[in-house]
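Keeping the supplied structure of chain U fixed, place chain D upon it in accordance with the hints.
For the record, the sequence lines run as chains U and D. Just so we're aligned: the first sequence equals residues 4 to 417 in our numbering. Just so we're aligned: the second sequence equals residues 23 to 433 in our numbering.
Read the hints as simulated data drawn from the structure, not as lab findings. Wrong hints could be hidden among the right ones.
Derived list of chain U stretches under chain D, where covered just means 3 residues or more per stretch with a C-beta under 8 angstroms from a C-beta of chain D [as the list claims (entries may be wrong)]: (1) 71 to 83; (2) 154 to 168; (3) 278 to 287; (4) 293 to 300.
Now the stretches of chain U that chain D is said to cover, found in silico as 3 or more residues with beta-carbon under 8 angstroms [said to hold, decoys possible]: (5) 89 to 100; (6) 314 to 320; (7) 346 to 353; (8) 408 to 416.
The calculated SDA-like cross-link candidates involving lysine to any residue, where the alpha carbons are at most 25 angstroms apart (straight line), are [what the hints assert, rightly or not]: (9) D:Lys366 <-> D:Gly431; (10) D:Lys144 <-> U:Asn157; (11) D:Lys42 <-> U:Gln100; (12) U:Lys227 <-> U:His144; (13) U:Lys74 <-> D:Asp86; (14) D:Lys42 <-> U:Lys227; (15) D:Lys344 <-> D:Asn158; (16) D:Lys48 <-> U:Pro291; (17) U:Lys66 <-> D:Ile82; (18) D:Lys427 <-> D:Asp50; (19) D:Lys78 <-> U:Glu88; (20) D:Lys55 <-> U:Glu88; (21) U:Lys115 <-> D:Gln30; (22) U:Lys302 <-> D:Tyr238; (23) D:Lys77 <-> U:Pro91; (24) D:Lys147 <-> U:Pro160; (25) D:Lys42 <-> D:Thr185; (26) D:Lys147 <-> U:Ala28; (27) D:Lys427 <-> D:Asp86.
Every value quoted in this text rests on a predicted model; they were computed, and no experiment measured them. Ideal Cβ placement from N, Cα and C applies to all residues, glycine included.
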Amino acid sequence: MLAISRRSIAKTTTSTLRNASVWAAVAQGPPDPILGVTEAFKADNDSRKINLGVGAYRDDAGKPYVLPSVKKAEEIITSRMGDKEYLPITGGSDFTQLAAKLAYGADSLPLKENRIAVTQSISGTGALRIGGAFLARWYPHSKTIYLPTPSWGNHTPIFRDSGLEVKGYRYFDKATVGLDFKGLIEDLKNAPSKSIVLLHACAHNPTGIDPTPEQWKEISDVVKEKELFPFFDMAYQGFASGNTNRDAFALRHFVKEGHQVALAQSFAKNMGLYGERVGAFSLTASSPDERARVDSQLKIVIRPMYSNPPLHGARIAATILGEPTLYSQWETEVQGMADRIISMRERLFDTLTGLQTPGEWGHIKSQIGMFSFTGLNANQTKALAEKAHIYMTADGRISMAGLNAKNITYFAES
Amino acid sequence: MTTAEMWQQVPLAPPDSIFKLTAAYKADTYPRKVNLGVGAYRDDDNKPWVLPVIKKATEILLNDPNLDHEYLPITGLPEFTSAAAKLILGSESASVQEGRAVSVQTISGTGANHLGALFLSKFYKWNGQPIIYLSNPTWANHHAIFKNVGITPVDYPYYDPKTIGLDFTGFLQSIRDAVPGSVFLLHACAHNPTGVDPTPEQWEEVATAFLEKGHYAFFDCAYQGFASGDLDRDASAVRYFEQRGVPLLVCQSFAKNAGLYGERVGALHVVGSNQEEANRVRSQLSVLQRSEISNPPSHGARLIALILNNPDLFEEWKRDIKTMAYRIIDMREKLRDILVNELKTPGNWDHITSQIGMFSFTGINPTQSQAMIEKAHIYLTANGRISMAGLNSKNLRYVADSLDKVVRGEL
Numbered sequence: 004m005l006a007i008s009r010r011s012i013a014k015t016t017t018s019t020l021r022n023a024s025v026w027a028a029v030a031q032g033p034p035d036p037i038l039g040v041t042e043a044f045k046a047d048n049d050s051r052k053i054n055l056g057v058g059a060y061r062d063d064a065g066k067p068y069v070l071p072s073v074k075k076a077e078e079i080i081t082s083r084m085g086d087k088e089y090l091p092i093t094g095g096s097d098f099t100q101l102a103a104k105l106a107y108g109a110d111s112l113p114l115k116e117n118r119i120a121v122t123q124s125i126s127g128t129g130a131l132r133i134g135g136a137f138l139a140r141w142y143p144h145s146k147t148i149y150l151p152t153p154s155w156g157n158h159t160p161i162f163r164d165s166g167l168e169v170k171g172y173r174y175f176d177k178a179t180v181g182l183d184f185k186g187l188i189e190d191l192k193n194a195p196s197k198s199i200v201l202l203h204a205c206a207h208n209p210t211g212i213d214p215t216p217e218q219w220k221e222i223s224d225v226v227k228e229k230e231l232f233p234f235f236d237m238a239y240q241g242f243a244s245g246n247t248n249r250d251a252f253a254l255r256h257f258v259k260e261g262h263q264v265a266l267a268q269s270f271a272k273n274m275g276l277y278g279e280r281v282g283a284f285s286l287t288a289s290s291p292d293e294r295a296r297v298d299s300q301l302k303i304v305i306r307p308m309y310s311n312p313p314l315h316g317a318r319i320a321a322t323i324l325g326e327p328t329l330y331s332q333w334e335t336e337v338q339g340m341a342d343r344i345i346s347m348r349e350r351l352f353d354t355l356t357g358l359q360t361p362g363e364w365g366h367i368k369s370q371i372g373m374f375s376f377t378g379l380n381a382n383q384t385k386a387l388a389e390k391a392h393i394y395m396t397a398d399g400r401i402s403m404a405g406l407n408a409k410n411i412t413y414f415a416e417s
Numbered sequence: 023m024t025t026a027e028m029w030q031q032v033p034l035a036p037p038d039s040i041f042k043l044t045a046a047y048k049a050d051t052y053p054r055k056v057n058l059g060v061g062a063y064r065d066d067d068n069k070p071w072v073l074p075v076i077k078k079a080t081e082i083l084l085n086d087p088n089l090d091h092e093y094l095p096i097t098g099l100p101e102f103t104s105a106a107a108k109l110i111l112g113s114e115s116a117s118v119q120e121g122r123a124v125s126v127q128t129i130s131g132t133g134a135n136h137l138g139a140l141f142l143s144k145f146y147k148w149n150g151q152p153i154i155y156l157s158n159p160t161w162a163n164h165h166a167i168f169k170n171v172g173i174t175p176v177d178y179p180y181y182d183p184k185t186i187g188l189d190f191t192g193f194l195q196s197i198r199d200a201v202p203g204s205v206f207l208l209h210a211c212a213h214n215p216t217g218v219d220p221t222p223e224q225w226e227e228v229a230t231a232f233l234e235k236g237h238y239a240f241f242d243c244a245y246q247g248f249a250s251g252d253l254d255r256d257a258s259a260v261r262y263f264e265q266r267g268v269p270l271l272v273c274q275s276f277a278k279n280a281g282l283y284g285e286r287v288g289a290l291h292v293v294g295s296n297q298e299e300a301n302r303v304r305s306q307l308s309v310l311q312r313s314e315i316s317n318p319p320s321h322g323a324r325l326i327a328l329i330l331n332n333p334d335l336f337e338e339w340k341r342d343i344k345t346m347a348y349r350i351i352d353m354r355e356k357l358r359d360i361l362v363n364e365l366k367t368p369g370n371w372d373h374i375t376s377q378i379g380m381f382s383f384t385g386i387n388p389t390q391s392q393a394m395i396e397k398a399h400i401y402l403t404a405n406g407r408i409s410m411a412g413l414n415s416k417n418l419r420y421v422a423d424s425l426d427k428v429v430r431g432e433l
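Isolated chain U, as found in the complex (with noise of 0.2 angstroms):
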């Protein structure tokens, strides 16, 4: 055993480490503009005080919601107590292809077909990461990827640090505080061919503004025209509509459309496992032999940032969606969830409406998933937080999740 007294040596005081510091030059950090907002949420103490921060959902006690098909799945798991061996780098195959099933469709020709490279991920920014790391490396066209304007604020460091040059594509119409179609349009004809868009499959983050089914189409063909390579953020299927189908509309017209789409995809809304990290990325290719050769490079990503993904959640969600009645019981749950908060949109725009608030509120019922965007401005988000001790992001974005009939009346008159 190593022991230092026995030896006289001068104890190095912290003037010395200061001194010699490593670290001396490293700048503070900004705080990270969404969970930042939680954490002064925490620091408040007022009895009043609601988060519209963080998208995680709430019932309507405003308490975290475990779904019971989750916890129901959660005592299978521990009464078998199966192993805890490492899973292989790209994931547990029961849980990627149900994981693929359930965004594809069971009818999906590239799944039919085993043409669909598909790897767990450290649930939807993993999933991103990787996709922008692989693309980084293997996708010859371009190295430039169109978000939407506004997008989830998350989205641009990802990119970029994947290496990938981060450009926008109009989205938001503020005036509307709808879709400026007519703009994404544009901009997505005068982008470079072959250039990267991501695309949010539904629920969009922040604005909660999706196109329609036939909007969606016009997409698809310009995408097809422009040869752009579609990338999906899909985090919220099932969690917009209730639906799991109808979420995947726009993924499943692309694919039936012939168009080779990478996917990221997130099990933390819609199965509520948040802090478990699960997740997917898929990438469609052209033939079985294509996708083995872009899983074996998947996996030469992954394997020195992390090695392989975490067990626990990925069991859960393979549990539910392998058992047909845990996956009927967890549909309905997911419908529930979606149920509230479309009420809430509901209420909201009631009270809003019956308080004779300045302005057109209509987008509050009309947007889609957790997400509104309120329209306010960062002073007016600022004052909110400091009078009445409402957090929300400075963009206005509110989560619906976080109202419930008891705060909703005091938000609106807020």
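Relative to the frame of chain U, chain D by itself:
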């Protein structure tokens, strides 16, 4: 895009060599086959072993009415990271007591190595090109991890095939020869793949040389408790370096010592010189973590947090660790005993018992290793490394006999 020109040029990458070995083992139908390739503990029935304390902690977690699956903070579960820091650095550690150790929960040891490497690549004051000195040999993934973030691996002498031990002279000389402020990766205990560790006296000399040159110590600790059976003893090199004032970080894994492999539980601890600096370092680690994984996985960290923060569970864990460590030590002793006293196998076999941890460098060459696989259906890596965890009372004799034959050229 609907043309076939998307991924046409993507070449098939070679499979990971360890996984390839395991696949070959699985496909082998020979009844007496033995897998000495895997770096995961096996019990005496060659089964994966879920630690009894883990089973207990899992039940506790499941029955907790307040259990949810909410996001952890970016830097991980605080009850986990603070306890994990105390575990490796020691509760008497100055940096822990003074609140200047930065701890981030990571995707097990790989994740910690990657995050540590990434942080260094962006923030370390490199003296010339970014270089990391890695022991020759080291865990294969170390090379890939550092290359991936733009740091060039350079070997330092470590293993001496002539003595089947440590080339301490070469090791020390490379520390003295490297430019001041170089970064060296050190295995905290149970060196992977050789099982050859410096003695306490040798660690003291290494630390002195580090201080003379102003080097940075990148510790990788994947086997705390697993090496000797004693958690504190296995942490002594790391703690000693901190006491001497060597700037350091340590990568920590709970894959082996808690048998949590696939749950991916680990942490990165960076020692800062004061709290203000620690805050800055923490903020930058958070930024890096956020754009890769956002926040780490919850389940495994909760299990470890329960265990580390509950005295009874902690004692039980220590007993479970000893179960594993002692079974391995027992296999080492028995293997050496059979080779030396019964079979009288040519050569010196002291290294089997002097080496530490899950792995042993037998000293046999690639040709002999290949013969072990092909003729005896005993799977090990080409460098002669065997996983002691793959040995058990049922296959020990067979392995000893085969080893004996291959050394005599009779296999």
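Hint by hint, here is what the structure shows:
Check on the segment 71 to 83 of chain U: 4 of its residues sit with their Cβ under 8 angstroms from a Cβ of chain D, so the three-residue criterion for coverage holds. Counting residues of the segment 154 to 168 of chain U whose C-beta sits closer than 8 angstroms to any C-beta of chain D gives 5, which meets the bar of three, so the coverage hint holds. Closer than 8 angstroms: that is the beta-carbon criterion, and the segment 278 to 287 of chain U has 4 residues meeting it against chain D, so the requirement of 3 holds. Counting residues of the segment 293 to 300 of chain U whose beta carbon lies closer than 8 angstroms to any beta carbon of chain D gives 6, which meets the minimum of three for the stated coverage.
With 4 residues having a beta carbon nearer than 8 angstroms to a beta carbon of chain D, the segment 89 to 100 of chain U meets the requirement of three or more and the stated coverage holds. Using a Cβ-Cβ cut-off of 8 angstroms, 3 residues of the segment 314 to 320 of chain U lie near chain D, which meets the minimum of three, so the contact claim holds. Chain D is given as covering the segment 346 to 353 of chain U, and this is violated because 0 residues of the stretch bring a CB closer than 8 angstroms to a CB of that chain, at least three being needed. Under a criterion of three residues with beta carbons nearer than 8 angstroms to beta carbons of chain D, the stated coverage of the segment 408 to 416 of chain U fails, only 0 such residues being counted.
This hinted pair checks out: D:Lys366 and D:Gly431 have alpha carbons roughly 15 angstroms apart, not beyond 25 angstroms. As the CA atoms of D:Lys144 and U:Asn157 are separated by approximately 19 angstroms, the hinted pair is consistent with the 25 angstroms bound. Note on D:Lys42 and U:Gln100: the hinted pairing holds, with a Cα-Cα distance of about 22 angstroms set against a maximum of 25 angstroms. Restraint check for U:Lys227 and U:His144: the C-alpha separation of about 15 angstroms stays at or below 25 angstroms, so the hint holds.
With a C-alpha separation of about 12 angstroms, the suggested pairing of U:Lys74 with D:Asp86 holds against the 25 angstroms cut-off. For the hint linking D:Lys42 to U:Lys227, the alpha-carbon distance of about 40 angstroms lies beyond 25 angstroms, and the restraint is violated. Simply put, D:Lys344 and D:Asn158 have alpha-carbon atoms about 29 angstroms apart, too far for the 25 angstroms limit, and the pair is violated. Between the alpha carbons of D:Lys48 and U:Pro291 the distance comes to roughly 24 angstroms, so the proposed pair stays at or under 25 angstroms and holds.
For the hint pairing U:Lys66 with D:Ile82, the CA-to-CA distance comes to about 21 angstroms; that is within 25 angstroms, so the pair holds. Note on D:Lys427 and D:Asp50: the hinted pairing holds, with a Cα-Cα distance of about 21 angstroms set against a maximum of 25 angstroms. Between D:Lys78 and U:Glu88 the CA atoms are separated by roughly 18 angstroms; this keeps the pair inside 25 angstroms, and the hint holds. At roughly 20 angstroms between alpha-carbon atoms, D:Lys55 and U:Glu88 fall within 25 angstroms of each other, so this suggested pair holds.
Taking the CA atoms of U:Lys115 and D:Gln30, the gap is near 20 angstroms; set against the 25 angstroms cutoff, the hint holds. Simply put, U:Lys302 and D:Tyr238 have alpha-carbon atoms about 31 angstroms apart, too far for the 25 angstroms limit, and the pair is violated. Between D:Lys77 and U:Pro91 the alpha-carbon distance is near 23 angstroms, which keeps this suggested pair within the 25 angstroms criterion. Taking the CA atoms of D:Lys147 and U:Pro160, the gap is about 24 angstroms. The hint holds against a cut of 25 angstroms.
Note on D:Lys42 and D:Thr185: the hinted pairing is violated, with a Cα-Cα distance of about 30 angstroms set against a maximum of 25 angstroms. Restraint check for D:Lys147 and U:Ala28: satisfied, since their Cα atoms lie roughly 9 angstroms apart, inside the 25 angstroms limit. Among the hinted pairs, D:Lys427 with D:Asp86 is inconsistent with the structure: their alpha-carbon atoms are about 56 angstroms apart, more than 25 angstroms.
The structure fails to meet hints 7, 8, 14, 15, 22, 25, 27 from the earlier list, while all remaining hints are met.
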